[in-house]
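On the provided structure of chain A, position chain B with the ligands as indicated by the hints.
These protein sequence lines are chains A and B, in that order. Numbering follows the numbering used here, in which position 202 of the first sequence is assigned residue number 202; successive positions increment by one, without gaps. Numbering follows the numbering used here, in which position 11 of the second sequence is assigned residue number 11; successive positions increment by one, without gaps.
Keep in mind the hints are simulated off the structure, nothing from the lab. On a predicted model such as this, the values are computed, not experimentally measured, just so you know. Cβ atoms here follow ideal geometry from the backbone N, Cα and C, with glycine treated the same way. Among the clues, some could well be false.
Take a look, some chain A residues computed to stay more than 10 Å from chain B by CB distance [stated by the list, open to error]:
| # | residue |
| --- | --- |
| 1 | Lys17 |
| 2 | Pro20 |
| 3 | Thr188 |
| 4 | Phe196 |
Computed Cβ-Cβ distance ranges for the label pairs, DEER-style [as the list claims (entries may be wrong)]:
| # | chain 1 | residue 1 | chain 2 | residue 2 | range |
| --- | --- | --- | --- | --- | --- |
| 5 | B | Arg285 | A | Gln191 | 47 to 55 Å |
| 6 | B | Ala51 | A | Gln226 | 39 to 47 Å |
| 7 | A | Thr188 | B | Ile189 | 35 to 43 Å |
| 8 | A | Asn24 | B | Arg150 | 24 to 32 Å |
| 9 | A | Thr188 | B | Asp66 | 46 to 54 Å |
| 10 | A | Gln253 | B | Asp66 | 26 to 34 Å |
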Amino acid sequence: MKIVVCIKQVPSTNDVKIDPQTHNLVRSADGVINPFDKNAIEAALKLRDQTNGEVILLSMGPESYRESLLEGLAMGADSAYLLSSRALGGADTLATGYPLSQAIQKIGDVELVLFGRQSVDADTGQVGPIVAEYLNVPQVTFAEAIDLTEDHHLIGKRRLDAAEQEVEVELPAAVTVRSEMNQPRYATPRQIQKSFEKPLTVWTEQDLDLDPERIGLAGSPTQVTQVYAPAAAKKRVTMLTGTPEHAVQELLQSL
Amino acid sequence: MTNESIWVYIQLNQDKIEPTSLQLLTKAKQIAEDKPVWAILLEPTTLTAEATIQQYGPDNILRLRDDRFAAATDEELADALEQVVTQYNPNSFLFPATTAGRSLAPRLQAKLQTGLTADCLDLAFDGDTLVQVKPTYGDNIMCDIICPDRRPQMATVRPNIFKAVRVPNSQTEVVSATFTFHPETTMTILNTTRLISQTASLSDAQTVIALGRGANQPKTIELARQLAAKMGGVVGVTRPLTDDPQFTHDQQIGQSGQTVAPDLLINLGISGAVQYTVGIQNANRIVSVNTDATAPIFADSDYGYVGDATEFLEGLLAQVK
Ligand SMILES: Cc1cc2nc3c(=O)[nH]c(=O)nc-3n(C[C@H](O)[C@H](O)[C@H](O)COP(=O)(O)OP(=O)(O)OC[C@H]3O[C@@H](n4cnc5c(N)ncnc54)[C@H](O)[C@@H]3O)c2cc1C
Ligand SMILES: Nc1ncnc2c1ncn2[C@@H]1O[C@H](COP(=O)(O)O)[C@@H](O)[C@H]1O
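Okay, chain B solo, but in the shape it has when bound:
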């Protein structure tokens, strides 16, 4: 018998819930119609993420508990998930398109012999069929993809596309799953070092000052840092600036970097290549400064200024309170 539930994988980054999992709970509830939404939680006994998950309103939390989940390999996680999927036969199973999700989901897909669509930007149900909207060719083309005959219908979904909304559900039922943890003997996790994450702060930031190749002088970078500090924001960069040792890949915005969703984004000296602009689609208000009036970045902006990035920064620093 097929269970018509929609499953959402709750990714744990050590002791924190990956925000994309909560965003997916909200999205799943919006598209579910009558289908129950389940949060699937693989958790060491030292954690209790249930209370937080319950705030986002799933009908069920399916909990798999084992201390080895504190540092489990992709294979160990996929093996445990395979066991519960074959017990409950969900309609669909959604994962964050994070590093962890994109490593785990395809391994599980191969075990289950079903379809998986990567990095979706939108999801909707057409009856029982999950229509998955996936970009290709560097976000230049969109495809609708379905998996008509096999279950679950699996997808990874890009972070920060949907907003997580709190709708506490006092009826959320926590179900303990029966499964066996099978250790992967050929792989050992030697250590996991938490990064004082610029990634997290960039994708969560409410104000982002983004620097491109037209704003790469030491003085400009210093002014941007001062402005970010003053506004309680963070500095992000385009890909060319990651060649500068003072920036890391974690600070890169775009297709092969982070997706940002700030209230205010200020682009300085950025041309607006599509690989960059896909990362800023969820910014609320976008201000761009470029010396070239024809720069494509202006088409993605609410406010534009044709002029020098450094001078504009100086103006902002002087006038922002």
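Chain A on its own, in the form it takes in the complex:
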């Protein structure tokens, strides 16, 4: 059984500032695997071990995303694909989901596609459902648990807004994974060594059957018109003083 895990590389911290002169984002150069995507990799590895399957990582982004793919291979994935070229750059979620879904089709016979519930930098959680739609497969979003059944189905538990839901889908299917599902494993030194020998293939838009109007900046319906720091909605704090009893008294009088 082939399982594809879509992973994104994100900055190692969200402590991002705006340069007051250039108005550009100042962010740390180090990238890490989006934390929720590690839960997706972990889920894939567990299912693979039950079914003798194959875990394939897929990411779209600059060359530097290799680092995260290597890290995922070191966790135990079998192979990786990176979609990388200038033409694919500047994509919003729609223009990200499209090449990813075409790559999944090219990989072929993929039965399960896993995503993180959302990326911690863009924070949208849209790419999973978009890919599911393009592949025309059922989606289980915000999954807390998944199990395979013998007859080629998957049972998933989702947490909704005021309810818990159990669903059954026929494979192939797409699942977005919550961090509650598992605890991602660490790479062992032996696995890290092995990761460099595993296949990591780079595809450009030429390797995929893509409509040029639907990729990159041109294929992105949304545009960012401004980037700025949030208005500091800081409050003016009144400090309470003295013993806790006194402070509580002061507080209750003012409230």
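Chain B with the ligands alone, transformed into the frame defined by chain A:
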């Protein structure tokens, strides 16, 4: 022809209307200028949510009725919505940034090949263009996003950012939509169990006692529960406390938890990490107690006390009536 209406998706959590949908109706009316506001309701015949929706003043309620909407998959909902969007061509389509909204909207977006902005904190019109304010990098950075060339302009909007205001509209017209329900044969909903929702009570609560890692002793937790009971409030926690089996993820406040909007919030032993404070921006009055006078939480507070959380709780329990 493009219809200039603003659509709001009415999310049903079983038989209840998701409060964010009503908040969005109010917001849509505020920014609409002359554009009509439509509530889009996918409803089983056992329900009649129209009367409640009408209280929030939309110009139209577009009703899609089918009993299978009582438990429909994201694909089934998206398919039905695609049919009505292509019939009416709305200017924009707003969804709650809830689990349900964030699952459904992107699926519909891909069908419609349009833009979708996630988890917006504000919306405004510049002519016909919807300017969508979206936080990124854990709310550290804001972006204005537009979708200039395609319609509808879609956005999911964070719960409890806007207040729902009742402005009953006796002119609200209920329109029955023509559509075909296409069952998704590859997916079955086995069961949906309503959670005796701490989530709902936390995001709706008027008083919240929030506990952090500096208020995690059993005694402190017990005192907080007593105080909450006495004040008719509920207990919420920061992320580290959800490792304690007596708290669940539903009680977590913050970026990856709930947004709260109480009249009074008391933070005990909470440092004030940005991932936490984004969840409390809509609290009316904030009181924070921390042993560290330099804790960032004080910058987000109306009242602060440098001292021990447990002792402060004891003081409150003794003096609150
Ligand atoms: C992607 C991401 C998402 C996240 N989402 C969330 C989220 O949704 N919600 C969330 O809460 N966190 C979230 N976090 C974690 C967040 O960054 C902080 O780690 C967390 O909020 C800290 O919780 P805390 O304030 O309870 O603990 P700490 O930061 O450890 O603070 C404890 C405080 O208690 C004080 N203290 C100690 N003893 C006492 C005492 N006796 N009396 C009074 N005060 C005392 C200390 O001075 C300190 O300020 C997220 C992190 C990431 C990376
Ligand atoms: N550039 C990308 N390459 C591969 N997977 C991605 C990419 N962007 C997002 N994803 C996947 O989609 C999920 C949701 O991302 P987002 O919609 O950006 O919040 C992530 O957790 C990843 O699994």
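Consistency of the hints with the structure:
For Lys17/A, the shortest C-beta to C-beta distance to chain B comes to about 8 Å, within the 10 Å cut-off, and the non-interface label is violated. Against the 10 Å criterion, Pro20/A stays outside the reach of chain B, whose nearest CB is about 14 Å from its own CB. The non-interface label for Thr188/A is consistent with chain B: the shortest C-beta to C-beta separation is roughly 25 Å, beyond 10 Å. The claim that Phe196/A lies off the interface holds: its Cβ sits roughly 31 Å from the closest Cβ of chain B, which is beyond the 10 Å cut-off.
Take Arg285/B and Gln191/A: their Cβ atoms lie about 52 Å apart, and the range 47 to 55 Å holds. As the Cβ distance of Ala51/B to Gln226/A is approximately 41 Å, the hint placing it in 39 to 47 Å holds. Taken as a hint, the range 35 to 43 Å holds for the pair Thr188/A and Ile189/B, whose Cβ atoms sit roughly 40 Å apart. Against the hinted window of 24 to 32 Å, the Cβ-Cβ separation of Asn24/A and Arg150/B comes to about 28 Å, which satisfies the hint.
The given range of 46 to 54 Å is respected by Thr188/A and Asp66/B, whose C-beta atoms sit roughly 53 Å from each other. Between Gln253/A and Asp66/B the beta carbon distance is about 57 Å. The supplied range of 26 to 34 Å is therefore violated.
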